[in-house]
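Sequences listed follow chains A and B, in order.
At position 197 of the first sequence the residue is numbered 197 (our numbering), and the sequence of numbers has no breaks.
Throughout, our numbering is defined as the position within the second sequence, counted from one, plus 278.
These aren't lab readings, by the way, just hints derived from the structure by calculation.
Small disclaimer: the values here were computed from a predicted structure and weren't measured.
Glycine included, C-beta positions come from ideal geometry on N, C-alpha and C.
Take these hints with a grain of salt, some might be off.
[To be verified] Keeping only pairs whose Cα atoms sit at most 20 Å apart, straight-line, the calculated SDA-like set for lysine to any residue is: (1) A:K68 with B:G292; (2) A:K70 with B:R296; (3) A:K161 with B:K387; (4) A:K68 with B:F378; (5) B:K387 with A:G134; (6) A:K133 with B:F378.
[To be verified] Label-pair restraints from in silico Cβ distances: (7) A:S151 with B:L312: 46 to 52 Å; (8) B:A381 with A:I110: 34 to 40 Å; (9) B:S371 with A:V146: 25 to 31 Å; (10) B:S320 with A:V146: 47 to 53 Å; (11) A:G134 with B:L312: 54 to 60 Å; (12) A:S100 with B:L342: 37 to 43 Å.
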Amino acid sequence: MLVIEFLLVLFLASIFAGVFGSIVGLGGGVVVIPILTLWLGVDIHFAIGASIIAIIATSSGAASVYVKDKLTNLRVGMFLELGTTAGAIVGAALAAYANSEALELTFGSILLVMLVPTVMRFGEETPKSPELKGLSKSLGLTGSYVDTNGSTVTYNATRPKTGLAGMVVAGVLSGLLGIGSGAFKVLSMDLAMKLPIKVSTTTSNFMIGVTAAASAGIYYVRGDVDPVIVAPVVLGIIIGAAIGARFLVRARNPTIRKAFALVLALAAIEMILSAYGI
Amino acid sequence: MSTKDPESMSTVIGNVLRYGVFLSAAVTLLGTVLLAVQTGASGIGQFLTYNSAQVPHGTFPVSLSSLASGLARAQPYAIIELGVILLIATPVSRVSMSVFLFAAEGNRKYVAITAIVLALLLFSMLVTPFIPGFNA
Numbered sequence: 001m002l003v004i005e006f007l008l009v010l011f012l013a014s015i016f017a018g019v020f021g022s023i024v025g026l027g028g029g030v031v032v033i034p035i036l037t038l039w040l041g042v043d044i045h046f047a048i049g050a051s052i053i054a055i056i057a058t059s060s061g062a063a064s065v066y067v068k069d070k071l072t073n074l075r076v077g078m079f080l081e082l083g084t085t086a087g088a089i090v091g092a093a094l095a096a097y098a099n100s101e102a103l104e105l106t107f108g109s110i111l112l113v114m115l116v117p118t119v120m121r122f123g124e125e126t127p128k129s130p131e132l133k134g135l136s137k138s139l140g141l142t143g144s145y146v147d148t149n150g151s152t153v154t155y156n157a158t159r160p161k162t163g164l165a166g167m168v169v170a171g172v173l174s175g176l177l178g179i180g181s182g183a184f185k186v187l188s189m190d191l192a193m194k195l196p197i198k199v200s201t202t203t204s205n206f207m208i209g210v211t212a213a214a215s216a217g218i219y220y221v222r223g224d225v226d227p228v229i230v231a232p233v234v235l236g237i238i239i240g241a242a243i244g245a246r247f248l249v250r251a252r253n254p255t256i257r258k259a260f261a262l263v264l265a266l267a268a269i270e271m272i273l274s275a276y277g278i
Numbered sequence: 279m280s281t282k283d284p285e286s287m288s289t290v291i292g293n294v295l296r297y298g299v300f301l302s303a304a305v306t307l308l309g310t311v312l313l314a315v316q317t318g319a320s321g322i323g324q325f326l327t328y329n330s331a332q333v334p335h336g337t338f339p340v341s342l343s344s345l346a347s348g349l350a351r352a353q354p355y356a357i358i359e360l361g362v363i364l365l366i367a368t369p370v371s372r373v374s375m376s377v378f379l380f381a382a383e384g385n386r387k388y389v390a391i392t393a394i395v396l397a398l399l400l401f402s403m404l405v406t407p408f409i410p411g412f413n414a
């Protein structure tokens, strides 16, 4: 394959990755890694290095739209980033001792199980909002956004400590496995904190850029961020994220939940296959 | 404590992200076009060689001095790497800006939260790559 062909193929595939990644709050990594390793035959280390950068591109590209449209809950995101950044450092410290196959198998299976509560809530427009109390109240973990039909949806977060604990797990995983772990972030906000799915995916999208940036230094210094791979990925993802973000703003919550379930299944299968060296 | 962030916060944060992405994309595009013009017709294989026995693993330079000299000679690799560094800096700028925005709002709890996140982020990005064992 010629350099020019490689650049074009990867650019086009990355647009697709950016569209999906920005809608479901996982960043484009889940889509970019198999394209690179299975299709283009790139070494897995370069694929992970590119995926880290792809996540930052998806996050920053889409977040500028979501933040402006008030879908992202800035306070929820910044509070939970305490857990993800601290977890990422712990994960990076443990990476040398960890058995990544066992980890991938364990967490891939957990993601697969999490499909059940996600699928059971197919069709849900917005969750019943709990009363604002305790830590959620003192941190102001509440918000509102204008829905597609013009009505204002007001919501309160519940169980912030459980959500924060989920984020520590997500952070440790990112540090250990070099993934953005957006799936765990969305699940923590969706299942524990009972936020509307649109708020969960856009707030996860907002946070994954910081999680990925936290580990980007290690990958860069190691020489895992190959410019020839990363360049078309970044350009494609930025375009894809802009398209995806405009779609999400107009989409209804049940549609986004279905897209999330699809990508969740893909992420779970990918982790399990990777544990078996595929 | 008010439960609504002022309008200016989402506008400023949205703009930091937008300009960061735009700048990074422009620089990366320039590097990619140069790369395609200079080496587009050669085989991709030589650019994807991963050498697990040595650090850095790739065939491209990663040090700041080689980046600077590469930029001085308008090398495509160096220009793309600059674009990547600008992209990595975007979420960091966003977190830094949040500290100031919450301070302007007089929201001490969130000044503390975002300042801790910024400290952890900078430690993770800039210090951990050079701690033996972290860079496994």
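Against the structure, the hints:
no. : hint                           : verdict
1   : A:K68 with B:G292              : holds (6 Å)
2   : A:K70 with B:R296              : holds (15 Å)
3   : A:K161 with B:K387             : holds (16 Å)
4   : A:K68 with B:F378              : holds (19 Å)
5   : B:K387 with A:G134             : holds (15 Å)
6   : A:K133 with B:F378             : violated (27 Å)
7   : A:S151 with B:L312: 46 to 52 Å : holds (50 Å)
8   : B:A381 with A:I110: 34 to 40 Å : holds (39 Å)
9   : B:S371 with A:V146: 25 to 31 Å : holds (28 Å)
10  : B:S320 with A:V146: 47 to 53 Å : holds (52 Å)
11  : A:G134 with B:L312: 54 to 60 Å : holds (56 Å)
12  : A:S100 with B:L342: 37 to 43 Å : violated (30 Å)
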